[in-house]
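**Student:** Chains W and Z, in that order, are what the protein sequence lines are.
Per the numbering used here, the first sequence starts with residue 6, numbered consecutively.
Per the numbering used here, the second sequence starts with residue 85, numbered consecutively.
Calculated from the structure, these hints are not laboratory results.
Backbone N, C-alpha and C define an ideal beta-carbon position, used for all residues, glycine too.
Do not rely on the hints blindly, as some may be mistaken.
Distance condition first, Cα-Cα at most 30 angstroms in a straight line; then the derived BS3-like pairs of lysine-lysine [what the hints assert, rightly or not]:
hint, chain 1, residue 1, chain 2, residue 2
1, W, Lys620, Z, Lys157
2, Z, Lys184, Z, Lys157
3, W, Lys620, W, Lys501
4, W, Lys539, W, Lys604
5, W, Lys501, W, Lys569
6, Z, Lys184, W, Lys569
7, W, Lys193, W, Lys60
8, W, Lys501, Z, Lys184
9, W, Lys604, W, Lys620
Below, a sample of chain Z positions facing chain W; criterion: calculated Cβ distance under 10 angstroms [claimed, not checked]:
hint, residue
10, Met105
11, Asp148
12, Glu151
13, Thr171
14, Thr192
15, Lys193
Read off the chains here:
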Amino acid sequence: MATVQPARSLSRAKVSPSAEAARLELLEYYLLHHEDLARCAHASLEWLARHAGVKRSMCLVVDGDGGVLMGMAGYGVPSEEVELFAWPLSDARDPIVAALSASSPVLFRAGRGNGHAGRPTPVTPLGAGPFTAVPLRGVRDTGQGALGLLLLRSGSGVSSEISWLAIVLGQKLDQLRGRGSIAGEVRKLRRERSLLFTIINAVTDPILLTDTEGRLIVANARAERLFASSEEESEGRRRAVELNNMLFSAALSRTAVERPAEARELLLVDPSEGSDLLFEVLSSTVEDPREGTGVVSVLRNITDLRRATEQIEENYQRLRVLEAAARTERDRLNLIIDSVADPIIVTDPMGETILMNAPAEELFTVPPDAPESAERNVQANDAHFSSFISGLLLGETGPGAVRRGEIGLASPSTSEPIPVEAIAGKVLTETGELTAVVTILHDRREALERARLYEQLKLASEELQARVQAATAELATQNELLRRQAIELEQASRLKSQFLANMSHEFRTPLNAILGYTHMLLQGVAGDLLPAVKRQLQRIDSNARHLLTIINEILDITRIEAGKMPIQLSEFNVNEIVPEVMAELEAVIARSKLTITPKLAPGAPLVRSDRQKVKQIVVNLLSNALKFTHQGGIEIAVQFDPEAQTVSIAVTDTGIGIAPEHHERIFEDFRQVDDSPSRQYGGTGLGLAISRRLATALGGRITLRSSLGQGSTFTLTIPPEAPR
Amino acid sequence: MSAEQGPLILVVDDYEDAREMYAEYLRFCGFRVAEARTGNEALEQAFALSPDLILMDLSLPGMDGWEATRQLKANARTRHIPVVALTGHALAGASEGARKAGCDSFVTKPCLPDDLVVEVRRMLEQTKEV
């Protein structure tokens with residue numbers, strides 16, 4: 006415990022100019038505090054300081070029970086040293102003990118070799134240097150030695166004031182000793198005081214007593230750690246302590262001025278850690294008769310408390326957020342549950358309903374102003390539902406336990422039966438404890454209705470399927486029939502082709518003989534012929550040849566239709582065809598007396614096609630032109646269309662022409678524009694039909710531009726390469 | 085041209101009018117002519133007479149012209165005799181079949197006697213060259 010400042014003297018204000026007055030004042034004080042030896046002793050030492058110039062002194066009292074000379078009061082010395090001072094009385098040769106028996110004051114010089122037996126100067130709280138010990142004796146000198154000693158830090162003798170004081174103080178000692186043991190009193194006080202300090206020190210909160218100026222008077226161990234430092238300690242620590250003192254003084258002065266009883270917060274520095282410490286300061290002003298007005302401050306470390314408070318605050322905030330989230334979640338859950346069209350009922354483990362959504366309420370609550378039957382229906386519903394979930398509550402266990410079943414409920418308002426499918430599941434806590442049972446009821450009416458409709462649909466579907474099957478079977482039969490017919494047709498067609506092929510063969514054989522013998526006759530194998538016979542034989546020959554042409558053309562048609570017309574591809578120049586065709590028909594051309602004008606296209610590229618068939622077509626077109634043209638001329642023009650890459654041969658005549666309505670007809674088999682029995686022009690009527698078929702087989706076409714009396718243009722157009 | 089000196093042509097045809105017509109015209113043109121009506125007769129005559137050329141109608145009763153030609157061409161004694169096929173079948177493949185069977189030439193009926201003689205002479209010339 007450190008004494009920072011000596012306590013302020015109460016009597017300092019009054020100074021008596023005369024010694025008498027001063028002495029009276031002291032005596033007056035003795036009277037006032039006649040019970041309190043320590044106070045009296047203290048006042049005495051102060052009085053000495055003031056009136057005898059003794060700036061450092063102690064008052065010692067003999068403790069007979071303890072066998073020691075103990076410190077009673079001190080002036081100019083640390084009070085704790087006074088309190089701890091206990092000089093043993095056992096050694097009678099000790100200079101201080103000896104001084105008790107001395108009749109007059111004893112002077113102790115500094116250094117060695119003074120007093121008895123050359124002992125060194127005793128060490129006292131007065132410090133090094135000479136001092137004087139003045140015995141304090143009572144009125145009745147019993148010869149037992151002095152009651153105490155007055156140690157004065159002075160080597161300059163004993164003044165009258167000192168002597169006077171020694172007498173009155175000795176008398177006061179004697180007076181008080183008469184009523185008991187002084188030392189015992191003091192010891193008791195000391196014990197109490199020590200106990201008090203122990204208690205104060207044991208308090209974990211710093212406790213300080215300061216004067217009104219903020220100067221520290223008493224501080225407990227905790228407070229010292231914050232507010233006291235010694236020279237040996239580190240610079241940092243000293244600075245921290247200094248700062249703490251400043252902060253505390255400032256806080257205290259404000260407290261004292263403003264709201265003395267109110268707790269304040271004070272932020273200090275931990276001198277050892279350097280960390281911030283937050284304290285709550287509770288100050289109260291105390292009035293001490295001896296020490297005057299002081300301030301007791303209790304500092305409570307609330308750093309952890311504050312931290313904890315902040316933590317709590319934070320937790321609370323977090324909790325509120327969580328709570329809000331939970332509320333939102335719950336609201337949403339409620340919304341979800343309410344939005345489910347199926348009734349949902351949540352029951353507790355006892356089977357009591359905790360929660361139900363609106364659809365469930367319709368089943369299990371009696372609607373206002375409902376018919377009497379509503380209550381019965383609700384009760385019946387309740388009973389059904391309870392018996393359903395009781396199975397789950399009593400029987401099955403386990404987290405996944407779900408009970409399904411059908412319950413026959415009834416609408417409370419209309420009594421309409423509502424068959425429902427119920428699915429109940431357990432809600433378990435983490436520890437597996439049953440907290441609730443959630444049941445969802447699904448109205449089966451719709452499902453039943455749907456099932457009924459489905460059944461109907463199935464029947465209808467089956468019927469339809471049967472019909473479809475029947476129709477399919479019929480169709481299959483028809484298909485089979487058609488297929489057979491197709492086969493038959495194909496067979497018939499093949500038979501027809503075969504028949505025609507055979508026919509042509511059968512025709513040729515006799516025709517061969519007719520032509521042969523006619524030829525032989527005309528050749529004169531049988532001798533010379535009369536001109537009339539020769540003319541008639543020529544008629545036979547001509548008709549036989551015509552018949553042969555017809556037969557050949559029929560054969561061509563047959564071959565093309567049977568797909569047996571061989572196509573032989575080669576590269577050739579279409580321009581070459583024209584003179585060849587003209588050569589073939591030379592006799593006819595000569596007879597016709599028409600001008601035939603070939604127009605070639607020297608730039609036309611080679612084509613890859615069936616040369617023989619192209620020639621056959623052009624021969625046909627030219628012979629037609631010759632046949633149907635009586636005057637004018639015929640033009641055979643070869644053209645190359647670079648854009649389409651096609652080559653064409655156009656045969657243009659100035660003949661009778663063909664009316665547009667007959668343009669298609671003339672390409673049909675056995676057709677001429679005039680196909681009456683009395684027709685003017687000969688021919689089989691197969692030429693164009695064959696030509697068109699051949700052109701198609703070569704990937705080309707024959708087109709006609711003509712009108713009646715305006716002549717005709719037949720054009721064969723073929724691609725640069727015939728398809729294979 | 086004496087009949088004794090002309091080349092011998094075997095005319096094979098079951099249709100009498102045609103066979104005799106060609107035979108008469110060939111004789112008229114100076115050839116010696118032998119006749120056969122069936123495939124078997126044709127083979128017999130060919131082996132017996134070893135003609136210079138055979139005119140073979142392909143449609144014959146019994147052994148047909150194709151088979152007869154095959155046998156002729158399979159036999160070393162008759163292999164060298166040129167065979168000119170005659171047929172009224174103008175359908176595609178007829179000439180191919182004839183060539184496969186070993187015919188050296190192919191003539192489609194109706195064929196004027198004059199044209200036939202031209203073909204016979206051509207074949208004989210060709211054979212002589214070989």
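**Student:** Against each hint, give a clear statement of whether it holds in the structure.
**Tutor:** Taking the hints in turn, this is what the structure says about them:
Straight-line distance between C-alpha atoms of W/Lys620 and Z/Lys157 comes to about 37 angstroms, which puts the hinted pair past the 30 angstroms bound. Between the alpha carbons of Z/Lys184 and Z/Lys157 the distance comes to roughly 11 angstroms, so the proposed pair stays at or under 30 angstroms and holds. Between W/Lys620 and W/Lys501, the direct Cα distance comes to roughly 28 angstroms. Compliance with the 30 angstroms bound is thereby established for this hinted pair. Between W/Lys539 and W/Lys604 the CA atoms are separated by roughly 41 angstroms; this puts the pair beyond 30 angstroms, and the hint is violated.
Note on W/Lys501 and W/Lys569: the hinted pairing holds, with a Cα-Cα distance of about 14 angstroms set against a maximum of 30 angstroms. For the given pair, Z/Lys184 sits about 19 angstroms from W/Lys569 by alpha-carbon distance, which is consistent with the 30 angstroms threshold. A C-alpha spacing of about 29 angstroms is found between W/Lys193 and W/Lys60, which places the hinted pair at or below 30 angstroms, so the restraint holds. Pair hint W/Lys501 plus Z/Lys184 holds up; C-alpha atoms about 28 angstroms apart against a cutoff of 30 angstroms.
For the given pair, W/Lys604 sits about 16 angstroms from W/Lys620 by alpha-carbon distance, which is consistent with the 30 angstroms threshold. This hint holds: Z/Met105 has a C-beta 5 angstroms from the nearest C-beta of chain W, less than the 10 angstroms allowed. Annotation: interface hint on Z/Asp148 violated; nearest CB of chain W at approximately 14 angstroms, more than 10 angstroms. Given hint, Z/Glu151 at the interface with chain W, is violated; its Cβ is 19 angstroms from that chain's nearest Cβ, farther than 10 angstroms.
Satisfaction of the interface hint for Z/Thr171 is found here, the shortest Cβ-Cβ separation to chain W being roughly 8 angstroms, below the 10 angstroms cut-off. Against a cut-off of 10 angstroms between C-beta atoms, the interface hint on Z/Thr192 holds, since the closest Cβ of chain W lies about 9 angstroms away. Because the beta carbon of Z/Lys193 sits about 5 angstroms from the nearest beta carbon in chain W, less than 10 angstroms, this interface hint is met.
Checked against the numbered hints above, the structure violates hints 1, 4, 11, 12; every other hint is satisfied.
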